[in-house]
Amino acid sequence: MEIFAANQHDKYIIDNRHDDFRLAFLKETILFLKDYFGSIFTSVKSLLTGMKLTGYYFVHPKEIVTEEYPNNREKLKMNERFRGEVIMPHDDKNEHRCTGCQSCEIACPNGSIKIVTKMEVQPDGKKKKQLDTWVYHFDMCTLCNMCVHACPSDAIVMGQNFEHSVYDKKQLKKILNKPDSKLMSGVEE
Amino acid sequence: MLIEENHIAESGEFIINMGPQHPSTHGVLHLKIWLDGETILKIEPNLGYIHRSVEKICENLSYRQFSFLTSRMDYLSSHINNEACALAVEKAIQIEATPRAKAVRILLAELTRLASHQLWWAAIGLDLGAVTPFFYAFRERELLNDIIEQTCGARLTQNFIIPGGIMQDIHPDFQKRVKEAMQQIKSKFDEYDQLLTGNVIFQQRLKGVGYLSPENAISYGCSGPTARASGISCDVRKKVPYEGYDQLQFNEIVRHEGDCWGRYLVRIAEMRESVSIIEQLIDNIPDGDFQAKTKAVIKLPKGEFYQRVETARGDFGVYLVSDGGNTPYRCKFRSPNLSNLSAIPEIAQGSKIGDLVAIMATVDLVIPDIDR
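Chains as they are written, first to last, in our numbering: chain A, 1409 to 1597; chain B, -4 to 367.
It should be emphasised that the hints constitute simulated quantities derived from the structure, not laboratory data. Any given hint could be a false lead.
Subject to a maximum C-alpha distance of 25 Å in a straight line, what follows is the list of computed SDA-like cross-link-like pairs (lysine to any residue) [to be verified]:
| hint | chain 1 | residue 1 | chain 2 | residue 2 |
| --- | --- | --- | --- | --- |
| 1 | B | K290 | A | T1507 |
| 2 | B | K51 | B | K327 |
| 3 | B | K183 | A | T1450 |
| 4 | B | K27 | B | M13 |
| 5 | A | K1453 | B | Q198 |
Covered, in the sense of this in silico footprint (three residues per stretch, anywhere, with C-beta under 8 Å from a C-beta of chain A), are these stretches of chain B [what the hints assert, rightly or not]:
| hint | region |
| --- | --- |
| 6 | 55 to 61 |
| 7 | 121 to 135 |
| 8 | 145 to 154 |
| 9 | 157 to 171 |
| 10 | 182 to 190 |
| 11 | 193 to 206 |
A quick note: this is a predicted structure, and the numbers were derived from the prediction, not measured. Every residue gets a Cβ at the ideal spot worked out from N, C-alpha and C, and that includes glycine.
The whole structure should be built from the sequences, with the hints applied where relevant.
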């Protein structure tokens, strides 16, 4: 008898639960569908917001997004401080401002500068140290501007050329002072 | 390791190698990943593919020269790395940069941070499958790089800072161009939100992925946006102000999500903070010299010197040991990326292999900084 009663009781509870379950299931289904379609709606909306932006730039081609490789060499003007390579300016009389003091050689962090000096007899008979060759290993240079910053007589500056590719590495070893060039007068005072 | 590999082959797990030439590792990082199906069991980062022994080379360079190599470490915040080196030397020889130099340094540092975060924003879109944001982020980055090139001469590896100040005075057009660029960038932040932040697909890939707990962030030594997204306030600019950051009004962005989405939002908010710092300072650059007088040969007194700065990725430290000579006796760089990388095995454990790309992208690793 007790077992039977217990079963009756259980059945009653289960039946009751069943109704609850049905209601809850219905509610959950509605919520789920709402969520499901809602998320589809928001995703499509978010995609369309992005598409709207790209579409705007598609119909406004004048608002440039990307940049081209500079092929307009004639008109192209680089920034005056642009560090392309180290150069030594010479004036019309083939004179430079380098005194051969080796400040740049000392300042260079990776040894890409080698300065060779020579002793030259001055008109007044005294011997004086002069620049012979200014050797520049461009293949080692990191364009850090330390040599230009260290130079006391502004003999070297940064050039604006930005295309340096060559077929042979040996061509990157440059001698900056031109042949038979002389020291500009009045630099060493 | 060989025995372990044999054992794993028996039990059905397998190993794949991500990198060193994988596009989403942003460099030559090699991750050895133990997998069970798609789930990550263990990650072992394998370093050394781009090791150049920067610290050892620095021992043979003078105190003016040694900062140029730090540009090649974290090349996206090269200016801030140089700043750390110069500050360490200045701390040791007890001089201060001139007020003008300090202001210009902060401005350039924030421009660098902005450019770095924009590159990160471009790359995260590319990593997670959105190609378009890359071009839009580079449009603004180009503006900033042009400004930096006009003043410093180089776009990425500037080497503009020397102990005591900066190499050259700012370009006459600098202030005007920065103001124009800030106006444009501020108006384009909405575009960023439209393209990526609001995108549901993008959000689903980041939300709840790659959780880093505050405890782990501290114990792995994470810093920068990675740690700040886990609720840790660690901005060096606020905690140990340098260069006069304490006189500026800006907020430290801290979020408590700890997942990839939190890290994303921290960086987006940091871009806006950088813009506000630049706008505060751009009209108030003090007049005067841009370079303090230093001796021709800088010699540090005997002792140990340490200087921290906040780069775009976190806490960067320069540790110098001097024996009184004109070159460092020992030089050590504390790079934020190495510590952030060490947290990745912990973050990624248990997540799927597709999520690893999102984790790598939001931690924002720069590999040359890890290897040095």
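Tested hints:
no.: 1; hint: B:K290 with A:T1507; verdict: holds, 22 Å
no.: 2; hint: B:K51 with B:K327; verdict: holds, 9 Å
no.: 3; hint: B:K183 with A:T1450; verdict: holds, 23 Å
no.: 4; hint: B:K27 with B:M13; verdict: holds, 6 Å
no.: 5; hint: A:K1453 with B:Q198; verdict: holds, 14 Å
no.: 6; hint: 55 to 61; verdict: holds (count 4)
no.: 7; hint: 121 to 135; verdict: holds (count 5)
no.: 8; hint: 145 to 154; verdict: holds (count 7)
no.: 9; hint: 157 to 171; verdict: holds (count 4)
no.: 10; hint: 182 to 190; verdict: holds (count 3)
no.: 11; hint: 193 to 206; verdict: holds (count 4)
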